[in-house]
Amino acid sequence: MALLEVDNLSIMFGGLRAVDDFNLRVEKGELYGLIGPNGAGKTTVFNLLTGVYKPNEGVIRLDGVDITGHKTVEINHDGIARTFQNIRLFQDMSVIDNVKVGLQNQYHYSTAASIFHLGSYKKVEKEYDDAAMELLSVFGLENERDYKASNLPYGQQRKLEIARAMATKPKLLLLDEPAAGMNPNETGELMKTIELIRSKFGITILLIEHDMKLVSGICEEVTVLNFGRILKQGKTREVLQDPEVVKAYIGE
Amino acid sequence: MKKKKLSRQTWTYIVVLIVYAVVEIFEYAGLLSSHLTGLLVPATYYAIVAVGLNICVGILGELSLGHAGFMCVGAFSSSLFSILTENSLPTAIRFPLAMVIGIAVAALFGFLIGIPVLRLNGDYLAIVTLAFGEIIKNILNSLYLGYDSNGLHASFTSQMDLGMEADGTMLMNGPMGISGTPRDANFTVAVVMLLIALFVAQNLINSRDGRAIMSIRDNRIAAESVGINITKYKMLGFVVSAAIAGAAGVLFSHSISTLQAGSQYFGYNISILILVYVVLGGIGNISGSVIAAAVLYLLPELLRALSSYRMLIYSIVLIVVMLFNWAPAARNWRNRVLASIRAKFGKKGAKA
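From first to last, the protein sequence lines are chains L and R.
Start counting the first sequence at 1; every next residue gets the next number (this note's numbering).
Start counting the second sequence at 1; every next residue gets the next number (this note's numbering).
Certain hints may be false.
Distance condition first, Cα-Cα at most 30 angstroms in a straight line; then the derived DSSO-like pairs of lysine-lysine [as the list claims (entries may be wrong)]: (1) L:K28 with L:K169; (2) R:K232 with L:K235; (3) R:K232 with L:K169.
Hint data in this document are derived by calculation from the structure and do not stem from the laboratory.
Take these sequences, add in the hints, and give me the full structure.
What follows is the structure, given as structure tokens:
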């Protein structure tokens, strides 16, 4: 059984079928690419998977559980975490606090303990610190822990967003154009980071990307979307050489 | 770095205590005019309500113009309690209970107002809270309340309509308000409450729940995507904020002889005045609110000698503080100065 199973997913915006009859199988531990020209509906698929939009038709199953129609917050609890195309960090909070917000649902103490710093406050905060530092060190951000998130350079902001998503211990991580706006150096570093988190945490990753070097470099399989419909699906190398795919991207 | 944060929090308490000690010494030495002494408690409760509002504006990121309303319900509920139990309870028990009741009632109103209001954002929330403050004030302004052997009587029209027996006691007399609340609040009590408010506010910021509240402020969509329960944490921030305003209300009602729900005490202009303290002290900067409230409350009173020029000077001070706190050039300059001071102290520390 695949980790993520999507069947016949469709959504209408007015008369426009933004995503039409979308099917997807992502196996556990796989690194899967979702590509396509601008406006093809890739981010809409992400928004459907994370409950931002409700599909008109179709079923989404994660690890065999039907999560269709769940709210965004519930879907995170179900085991999907995501990053955003235009980075959405908690800008005025410190780097480490960004990650701690992601850890929120794993380490608990009561509201009274929050307000009066009583009971398990100290012990659990230590756990927060340790877990957050461990994640930050994976992403090479441990020296920036007390920076304001908005003061980080662009590449590190992307990394922090991934770290925050990883903090929620997801089964499936959705990355929306992680390399957007990065120079080749940063992209190379990002590819290493993505590979590292997959091998270290054994996590399944579905990513949207325009950078073909990154896609062909790390994705085992890809799906090509065009005008909301699946154009091609399969092994990365074969799909990227398909004449139809080339036509959709570059034109004739 | 965590130690540094901790010491900043501790420093706030220390500074408050030093100011308190200096003021007390001056008072014993007879250096303070009776006029100034009378301003100490109000300055402190305005500092408290500014701390409360800063939780709403700076931490939760929602603009409220109704905090005078929360002060108002805290003031009236605790005042009624104190009058009813004045003869049966000693002050040491009565006043803390009144404080708990005022805080609880303000928190309850915060919760009730929060249910519809926290679905709104930005300007809408400001308008609804503004209306709440005015409604509360006007209701209490026209409420007549009394009790006699038959029990409690209430009316919105006049004292006559209460239909009380001759030996009945008036509790609330419409626009005349409540008189005879025991004056349990003094400067010492007010400073203790300020310290508690600071303790609560700063603890909240450095906690699990506080981080959740701030994450909603910074990016609601991202907060949802990492599984933060938006409604719950928005409500928590709003209720804590209202509760602290309620505590300020209790101090208010227990430091004056006649409590009236007039515009000069609980109107929207007071809500805006508190907002001015919060903005000038720095949004999200809890200790800044205290300083701004204390200084800006005392300033117009201290400038009374300058008669007609005092509001001119007051407004110039507002503009200068605003520039100092918010203009980018001024902030850079301030950061440079602070950094150089820190560097010097750091060197000294290393030698020692």
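Evaluated hints:
1. L:K28 with L:K169: holds, 15 angstroms
2. R:K232 with L:K235: violated, 45 angstroms
3. R:K232 with L:K169: holds, 22 angstroms
Hint 2 alone, counting from the list given before, is not met by this structure.
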